[in-house]
Structures are given as structure tokens and as C-alpha cells.
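Visitor: Each chain, letter by letter, is given below.
There are 2 protein chains.
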Amino acid sequence: MRICVVGCGAVGSLFAAHLSLLEDVEVWAFDLNELHVAAINRDGLRLSGAGEVVGHPRGTSDPAAIPPCDFGIVATKAMHTGPAIAATAHAFAEGCVATVQNGLGNEETLAEHVEHVIRGTTFPAGKLLEPGHVQWDVKGDTTLGPYDARTPTAEVERLADACTRAGMPAEAVDDARGPQWLKVIFNASTNPIGALTGLTHGRVCERPDLRALVTDLVDEGKAVAAAQGIELDADPEELIDHAARRDVAYDHKASMLQDVEARRPTEVDYLNGGIVRFGREGGVPTPLNSAIQALVKGVEASWTES
Amino acid sequence: MRICVVGCGAVGSLFAAHLSLLEDVEVWAFDLNELHVAAINRDGLRLSGAGEVVGHPRGTSDPAAIPPCDFGIVATKAMHTGPAIAATAHAFAEGCVATVQNGLGNEETLAEHVEHVIRGTTFPAGKLLEPGHVQWDVKGDTTLGPYDARTPTAEVERLADACTRAGMPAEAVDDARGPQWLKVIFNASTNPIGALTGLTHGRVCERPDLRALVTDLVDEGKAVAAAQGIELDADPEELIDHAARRDVAYDHKASMLQDVEARRPTEVDYLNGGIVRFGREGGVPTPLNSAIQALVKGVEASWTES
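First to last, the sequence lines map onto chains A and B.
Numbering-wise (numbering that gives the first Met the number 0), the first sequence opens with residue 0 and increments by one.
Numbering-wise (numbering that gives the first Met the number 0), the second sequence opens with residue 0 and increments by one.
Among the hints, a few may not be true.
To be verified - Among chain A residues calculated to face chain B with C-beta under 7 Å, some are:
| no. | residue |
| --- | --- |
| 1 | L34 |
| 2 | L195 |
| 3 | L198 |
| 4 | L287 |
Stated by the list, open to error - No more than 25 Å apart at the CA atoms, straight line, and that leaves these computed lysine-lysine pairs for DSS-like:
| no. | chain 1 | residue 1 | chain 2 | residue 2 |
| --- | --- | --- | --- | --- |
| 5 | A | K296 | B | K252 |
| 6 | B | K76 | B | K126 |
| 7 | B | K296 | B | K126 |
| 8 | A | K126 | A | K138 |
| 9 | A | K296 | A | K76 |
| 10 | B | K296 | A | K296 |
| 11 | A | K252 | A | K76 |
| 12 | B | K296 | A | K252 |
| 13 | B | K138 | B | K126 |
Stated by the list, open to error - Which chain B residues stay away from chain A? Per the calculated CB distances, all over 12 Å, these:
| no. | residue |
| --- | --- |
| 14 | M0 |
| 15 | E25 |
| 16 | H55 |
| 17 | D61 |
| 18 | A86 |
| 19 | V172 |
| 20 | R263 |
| 21 | G282 |
Honestly, the hints are just simulated from the structure, not real lab data.
Beta carbons are placed, not taken as given, at the ideal position from N, Cα and C, and that holds for glycine.
Looking at chain A on its own, in the form it has when it is part of the complex (with noise of 0.2 Å):
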């Protein structure tokens, strides 16, 4: 069978180098990152800390040079999702199309340039150290599903076995809805509140008042989730309160606080954006949540002159 990843920053590396291990797979990673693609074509993609692994993927910077693939595995950030795949969608004409991206809304747009969609939430992280590698910080499962009645079962528990195998534990279930909107709501509630205030997730975590408003912002996302008949796998609030922990995640700086300390466009609107548009749809207030994300949305715009 034959893989392409679609964007390898740090998640999209851990996927293409683990499926490359594997004998049945031939596996394409694109990356409009020419010193990254050029690098793991000579060198291979290292990924050290959690694991070590090199894998031989096929990089490319081309779209063209992408061939047929049964499966497409997208990992770019959120804001990329629509022009990465009208790039790329000629390679999926007979394949399927997984989103492990971030955020609410990638599956809408990956349906509007292929036909079969999985919907996917992976919670393995790291960071690009250099072209050609990638620190992994955190091992983690997957979760696929298919977004709509189109999306061959079959085909998902194909992906999900070969990721397995690969040493990417994942599971195919009937509904990814559960998984994905636990992964958004817990960001959502907290990312945010990193990147606003500074701190760290502990220090959010810790102070009763930022404590409050992490708790009113879960509970939105859990009214918009329960309009939806979406069952959450757990509860947002306890795994905020396990990442707070020493020894888990409390000098962890947000991904979007590493973003605003860059000022580098954040995914606040496929977050928070993403519940406020749900919320809408069903008719579930969500004041907060639409506040959280002016106020990013505010930052993002105060590095540019008026």
C-alpha cells in the first residue's frame, strides 16, 4: 500500500517515519520545507527522545510528484488544511483521506477536494529540532473513524492496522467525534489561556480565577458536543487536571503561547472558532468562548501596524 503524508512538521514526521518501517508500505512525505525534504532524502527522518527511529520516506516539496496513494495522512496546521489538499488531491482520486490535525472544520474541507474522509485525533507531539529531525516529546494513541458513509470501514481499519504495526498505536471506530471533541475542548480551554496570559499550563492550572474560566470554557464545549449527540471518551476536566501535575506537563508552554512568543498565526479559530461555529449551528450560547478567541485574534493583529 502506498501512504502519503501531507505536511511533516513534528506529527506528520512521527507518521512517516514509523509507516516507513514497515516492508508493505511505500510512504511519500510531502513538506513545502525544501531544507526538511532534502535532508530526509539523504539522511532519512530521525525522530529521538520518546523512541529513536529513522525511517526512508520519500520526500518531496512537489505535488506532482506525488503518485496514487491509497491513503493520505493530512498534518498540517489547520490554516493550511484547504491549500495543502487542493494541492495534492489528484494523489487520492481512489484513496482515503485522514485529518490528525488540530481543531474543528478539517475533515469539511478535505471533503471538498476528495471524496473519502477519515476523521482522526492523535495525541503524539513533538518539535522539528532541524531538518531531518524531530524530538518526540509524547507517545500517544490515534483514533480514526469515517467521516461520512462514503468512507469504506474497511479502509479505516487498514490504516489504523498498518499505524499499529508501525508502532503508532491506533484504533478504528464507527464515530471519532468522542476523541476529537475531548482533544479541541481540553486545547481549547486551555491553550488559550497560556497564550493570553503567559503562563505556563500548571500556573494556569493553579490559580483558582484562571482555574474558573478554564472550567466555564470546558463546560461550552461540552454543551455544543451534547447538542451534537457526541459522547466525550472522558472528561476534559480531568485531563486538564492530570496535565497540571509536575510531573506531566506543569512547565509546559502551550502550543499557542510557543505561536504568540513567535507571533506566528495561532489555531484559536479552528479551536475556540470551531465551537463557536457548532455552537451556532445548535443553538448553544457560547459567550466565552467567542471573547477567547477575539481577544488571540486581537494579539495576532497587534503585530501588524494598523
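We have chain A already, so just place chain B on it with the hints.
Guide: Just chain B now, with coordinates in the frame of chain A:
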């Protein structure tokens, strides 16, 4: 008559310099900034900008040096009200003490130390340029009213008359809560949005998402005021839009943004925090003001290690 201005930053200096021009008023300027006090005593207290004034109040940093006064005018930052009045209350045993500070709760704090309290709201603004020299940015009116029945109306009128004669127009009213809440709602709904995003007042107002958040904050403040039977003199929305004009205060960085950039404690507990407290007492929910207060306190916390 003898008046002591307690806290001679920008606003306090505007009052002290003007009042000292009157033949029938002896003015004391109390401030802990010894360089400022020394400059006042050596060269006088100079205002420049909206008007040119050189006054000659008697400066001191020693509360014991203040003689018995007819009036106090407290103009410290709101978080310093308690210590400032505790140190100076002896001078006002027979007098009345007016607050011209930002925020809610200053009258209550003064009333714990002195018997006759005057609630005041003032719109003039400026900034301390150097010891003895204040830039006078904005002219404006002051409104004074008795805090409770113990404060003689005639004394409120006597202080308002002195301010007006000195060039700081002031009006004595029966209930000064209308202008006070108007200013508090204006400040609480705009200042922290600038502080959290880094945007000027005009840029906050031209973003529809942030302008909507400002309106939601205003609406909470209006509801809390209404529950107490307070009638605002004007609609805060009109003031906010007026100030956003390019020929008014489009490029103004809110004082709270200036505080955040200089890593100084902000007055958020007396602005949004005051609205939250009165809301709780009146049974009016204020979730957005709570959220904003928590975020700004989080920013302040980020300046210190955990």
C-alpha cells in the same frame, strides 16, 4: 481653607497645582516620591500641555507633617488607597475626604478611616514627565457627591466651588454614582482589552469581534448599575465610539496597557473586579468581567516565577 492632595501623580498634581493658585486655599501635596516632592518645594509644580500652570503647593512625604485640613483629595492608584488614608487620616478628623480615583470601592476604604467621605469622578488626565512636572493631556469635568448622609452637602459644594474657581470645573451633586459608573464601565470594557491584546483604543474598536466583546462587557456593567438603581449620565457605547475617532483617542494606549508594558500592577481589581463584586451582591451575573479580570491577573502573575 486647607486642602491636602493625597497622592500627587498626574491627576493629583492637576488638582494640587490648580488649587494652589487660589488666595484663600492652602494646599498640601503628599506623595511618597521624594524627588517629586523636593522639586515641588524647590521650583513649584508645573503643568504643561492642555494648559500652562505653575502652582506652589507645600510638598511632603511625611504624613505626620500634614496639619489638620478641611479637605483631602485622594488621587493614588486604587490599590494604594488603604495605606494612603491610614497614614493621613489624622489630618482629616474634622474634614471631608474626596476620592477622584479610578474604579469602585475607594469610598468604602476611605470610610473605614475617616467619617466624611466624598465620592468623586474626574475626567482630566495626564502623566508625570519628571519630578515637579506633569503633562496635562486632557481637560475635563469633575463630579462630587456625598458618600453617605454623614457628609454635609454644603462641604461638597464648597470643595466643588474651590476646584471650579481654580480652573478644574467641578459640580456638586446629590448622587455621584451615575458619572462614576459611567467612567468605570467605559474603563472596564476597553482598558483590559487593550492590555490583553496590545492594541490601541481605536484598533480595538475597529475590529468587529473585539468591539462586540466590549459591548458585552458594557452590558454586564449596565445591568449591575441598574440593579442598584444607578442612572448613567450617558451611554458608555457613545463615549467608546467617540474616543475611537482618529481625531480623539484612536492611537491612545489604555493606561492598563501602559501598566502591562511597564510590568506594573494594574487597577483591574477595582474596574472589572468592582463590577463583579457589586454584581455578586446584586445577583447579576458578570461572567465576561470575571474572565477578563482573571486573565489580567494571570498576566500580572506571569511576571514572577512560580
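Visitor: The structure should be examined with respect to each hint, and the outcome stated for every one.
Guide: Now the hints, each set against the structure:
no.	hint	in the structure
1	L34	violated (32 Å)
2	L195	holds (5 Å)
3	L198	holds (5 Å)
4	L287	holds (6 Å)
5	A:K296 <-> B:K252	holds (18 Å)
6	B:K76 <-> B:K126	holds (13 Å)
7	B:K296 <-> B:K126	holds (24 Å)
8	A:K126 <-> A:K138	holds (13 Å)
9	A:K296 <-> A:K76	holds (16 Å)
10	B:K296 <-> A:K296	holds (20 Å)
11	A:K252 <-> A:K76	holds (18 Å)
12	B:K296 <-> A:K252	holds (18 Å)
13	B:K138 <-> B:K126	holds (13 Å)
14	M0	holds (44 Å)
15	E25	holds (45 Å)
16	H55	holds (43 Å)
17	D61	holds (38 Å)
18	A86	holds (30 Å)
19	V172	holds (35 Å)
20	R263	holds (16 Å)
21	G282	holds (18 Å)
The structure is inconsistent with hint 1 alone, although it conforms to all the rest.
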